[in-house]
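Using the sequences plus the hints, can you model the full thing?
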Amino acid sequence: MGVAKYIKDERGAIKTVTYQSGINVKPVYGPEDLEKAGFKYEKDLGAPGEYPFTRSIHPQSYRSRAWTTRQYTGFGTPEETNERFKLMIANGQNGLNVAFDLPTQMGYDSDHPLAQGEVGRVGMAIDSLKDFETAFAGIPLDRIGSGLTINAVATIMMAMYQATAEKFGYSKDQISTTPQNDILKEMIGRGAWIFPVEHGVRLVGDSIEYAVKELPKSNPVSICGYHIRESGANPAQEIAYAFEIAKAYIDNVTQRGILPEEFVGRFSFNFNVYGNLWEQIAKFRAARKLWAKMLKNEYGVTDKKKLFLRGLFGGGGSGLTKEQPENNIMRGAYYALGAALSGAQTTALCSFDEAYTIPTPRSALLSLRTLEMLMDEVGLRDTVDPLAGSYFIETLTLEMEEKILEEMQEVQKMGGMTKCISEGVIQRKVSRQAYEYEKGLQSGEYRKVGLNPEASDQTAEKTEAGAVELHEYNEDWAKKSKANLKALRATRNDKDVSDSLKALEKAAKGSDNVMPHLVKCCHAYATVGEMAGVFRQAFGEWNEPEFY
Amino acid sequence: METKNKIRVLIAKPGLDGHDKGAKIVALALRDAGMEVIYSGLHQTLDQIMQTATQEAVDVIGLSIMSGAHLPICEKLIAMMKAQEIDDIRLTVGGVIPYQDIPKLKEMGVAAVFPGGTSFEDITFGMNKLFE
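Top line first, the protein sequences correspond to chains A and B.
Last residue of the first sequence: 548 (the working numbering), numbering continuous.
Last residue of the second sequence: 132 (the working numbering), numbering continuous.
There are no misleading hints in this set.
Derived DSS-like pairs: lysine-lysine, alpha-carbon spacing no greater than 25 Å straight-line: (1) A:K172 to A:K305; (2) B:K129 to A:K439; (3) A:K413 to A:K296; (4) A:K439 to B:K6; (5) A:K479 to B:K76.
Derived by calculation from the structure, the hints in this document are not laboratory data.
In structure tokens, the structure reads:
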């Protein structure tokens, strides 16, 4: 019965239902519930496309356009990633969602000792502009937008993307990229951080400022409640922490004399979809409303379009089980249904084999087909926000709104998100919750089909062998990347490289925006490791706080 | 057989991967089970892990590996332990470990393997069993 807490009587009938966000669900809802909650159509919902956008940010939603599908893709060398990009585009995918290997995410070149065994393993290996030129060869960068899943060195990849487009003859105002670029969430979960908190936030600020001035179609930051949820936050905290992170970035940019109105429209979000279906739907509806209200009331944003909560709602990794992996195919379909009922603009779905391995082409396509079925076969495009007006959903949406606000207020009371993360408060809280949840799963307090208590090790072993084709790591990727690097270092113009890196260092140590300098470094074929090395030297590295 | 009094464990995250939920919740579970648990933090080199393990005089290292690099990492760490003639620290590993890799890890000298999904009870039992 999913991930809510159910208490049953001796006959097996459900007595109480409690969602992870702490909301108790009644057996029946009626008009009296809406009355009690003070529900008013104009105030709480409004028409789709109208403030506060609870129902949808677009008046016609999927009627006018189906969602954008962006499966997370990338592994091995840029050549292989390029092939997979083309496969996904040929099969109807209309945006890219690029995975980088860990050395790239952590700002090391493929020949760095710490990169050993990791080159190309969990994403593609990028050392210089040469690799981006290969990875994006033949991709129409004026039509296909690219999400870049990278954070600590997102500024470098954004510059790399611009430099690549310029090499291919596109202008920087034609291209659309969405680097993930959310360093604060990396410090809560996922862990691909490098620099201390204040420098990390400054780089995010630099990229936002640059995008406002130079990259009109790009979205410089995608704030990820997703990974915070994966790390143990409940759905209300997922939204609350993401919004508090957004506020930390907004504050950094407004300090530069730029008004929120000028840039908040470029923020996008990445939220998770696993868990109880109704709680997810209420979460997204409440989140759209709260974001719009917050920007309007606290930041004085007036342009309607800039109040939209845009983003990728998808994934669902933590909902998948390693046991009986084929069950994840169905599980993923229900998560995707939740995303569609929530009006997700852009989506992606974890593939059933992701508890083991990087998806094979077969499993990645299966996810894409699952998403297509919802739009083309099942009827999710028929009408906007089909659950609106449900006594249950509207009551739940209001309760969710309240829970999210409570969590946001708690962060504010402790001095805001930057301070909470520096001190480790949020990290300790979500780790503790993850532990309690896991204990609940293991004791049977929470139920997951195929996991507890009926599954035994033997069945798991059998099904795993039959169902999952492992994505093999290829040692040749590292050899090839290293050889390419060696050739690059021998052929590039050393003076251009050292001049551009020196200028970057000056900007990093001072207060100039680093972005234009990074673009020049990329054009000079400076490596990711060299550029990140400049930052490492200028900023130092973060010491994570104790987690106990 | 007598069980050792308080097992000292170093839960360590080697390499660049930052997915630390598993490491943290296992650290909490082993602590609740009465062990003394030290958590290394993220992005540790194998040298750093060995140094912490010897300085803290732990009985067992629990590596948490999600990136798929468990075979080369364990191989290297075991070679380092042999070179430094450390034979009183057991090596265990958990994370995203395909079942077919378990025999390979055991053969290398890994004392116990706890793939994702192993219950806290089984991990605690497995750890205790190493010292019976």
